[in-house]
Structure formats: structure tokens, C-alpha cells
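S.K.: Listed below are the residues making up each chain.
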Amino acid sequence: TQLLEQSPQFLSIQEGENLTVYCNSSSVFSSLQWYRQEPGEGPVLLVTVVTGGEVKKLKRLTFQFGDARKDSSLHITAAQPGDTGLYLCAGGAQSGTSYGKLTFGQGTILTVHP
Amino acid sequence: NAGVTQTPKFRVLKTGQSMTLLCAQDMNHEYMYWYRQDPGMGLRLIHYSVGEGTTAKGEVPDGYNVSRLKKQNFLLGLESAAPSQTSVYFCASRTSGRSEQYFGPGTRLTVT
Chain F
8 TQLLEQSPQF
18 LSIQEGENLT
28 VYCNSSSVFS
38 SLQWYRQEPG
48 EGPVLLVTVV
58 TGGEVKKLKR
68 LTFQFGDARK
78 DSSLHITAAQ
88 PGDTGLYLCA
98 GGAQSGTSYG
108 KLTFGQGTIL
118 TVHP
Chain E
517 NAGVTQTPKF
527 RVLKTGQSMT
537 LLCAQDMNHE
547 YMYWYRQDPG
557 MGLRLIHYSV
567 GEGTTAKGEV
577 PDGYNVSRLK
587 KQNFLLGLES
597 AAPSQTSVYF
607 CASRTSGRSE
617 QYFGPGTRLT
627 VT
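As you go down the protein sequences, you meet chains F and E in turn.
According to the working numbering, the stretch in the first sequence is residues 8 to 121, in order.
According to the working numbering, the stretch in the second sequence is residues 517 to 628, in order.
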């Protein structure tokens, strides 16, 4: 069974601060996805990284996939209240009958105070 | 283009009652998934389907059944609801060859 450990579970910061969320595993994933979820809604995909060492930027958000494809990080620069939400990482299974199945981390609840 | 829709949005059941949750997608996706979300536990896969007429067990399948009679619909059934099945249920779909999943808005189920 593949596991993804996401940390921290809770993050409460002031507007303008920077933050990093981590996802770690002992398993290798074919891809790593980050989702954002708002209360009462389903998760919405932010980004997918597929290559070891890959870095993707989405405005103030920077996503990195570890060289060995076992871990990932999400860094937010100058956080804003609109960034508040639940952030989920999800690892894609490597191959075979498990291809496409996602293993989710526990999630990080981010609160950005004005 | 509605994406993934789920009905109902909320439901309260008494222990032992049965119900069916409906998921529909209009993106012609081959793969569909049912997850449950509980505080501090992320999303856990209940059952999934790789195509019309096929289903498979996920991580936490006990107490649930599914059917995929039409490509666009994926039904999740609870035959005899238990308080442990109180959760938020999400349906998701994806197309063949890509791992990104698209989620519905969820169904909040309470079993008393």
C-alpha cells in the first residue's frame, strides 16, 4: 500500500507571509498532483508534475517534484486571504492495474489572516 | 458542460436504512471513482470503474456496492447504513491516458 505523508496538517499565517507544504512517501509515483478544496466543494486540480526534479509555477505558487519522484512540495509566496483552503497532494500509481489510481495525503488546512 | 455532478447534496439516514448516491459526468471519461473524505484522513478510495459494466474495489470497500451500467453514470449504494459511514462522499472521473481526476461537489451523509 502506498502512503503519502503530508505536513503540516494545519497552517495559520498572516497575509504576506511565505509557507511550504510537504508531501513525502517511501513509494515512487508516476505523477504528483496538488489539489485545492474549498468548504462545501470538491477538490480542484492545481497542477500535475511528472518528471523527477520538475518545478512548476502558478502565479505565487511553486510546486516541486523530488528527484526520486517520492516527494513533493508546494510553496506559496506572499500568501493572501484568498489562498485559504484545504490543500491535498495525490500520488499517481506507477503502472499496471493500479495505473491512474491516486493516493491522497491527509491534507493541509491553510488559513491566511488579513 | 456540467462536468461531474452528484445527487443528493445532503442526506440523513437512520442506521440500517439503504440509499444510492448518483454520480454523472458529461466529459465522456472512461474512469470513475468514489471516495470518502473524513477529517484528517484525506480522500480514501471506495470503489472505481475503468469502463462501462466494470467495477473494482478500492481501499475501503466494505459496506458499499457500486454499479456502472452507463458510461456517464456511477452509482454508490449503501445496503445497510452504519454510523461509521457518516462522511462526505466524492465522485471523480478521468480520461484514459491522463492521471488528473475531476471531482464532483460531494454528498454529505449523516447516519444516526
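Please keep in mind that the hints were generated in silico from the structure rather than gathered at the bench.
Note that CB positions come from ideal geometry on N, CA and C, so glycine has one too.
Worth double-checking, as some hints may not be accurate.
A short, non-exhaustive set of chain F residues, derived as facing chain E with CB atoms under 10 Å [to be verified]: (1) Pro-15; (2) Tyr-29; (3) Leu-52; (4) Thr-55; (5) Val-57; (6) Thr-58; (7) Lys-66; (8) Asp-90; (9) Gly-99.
Heads up, simulated DSS-like pairs for lysine-lysine below, C-alpha to C-alpha not over 30 Å straight-line [claimed, not checked]: (10) F:Lys-66 to E:Lys-586; (11) F:Lys-77 to E:Lys-586; (12) E:Lys-573 to F:Lys-63.
S.K.: Starting from the hint list further up, note which numbers the structure goes against and sort them upward.
M.R.: 1, 2, 6, 7, 8, 10, 11 and 12
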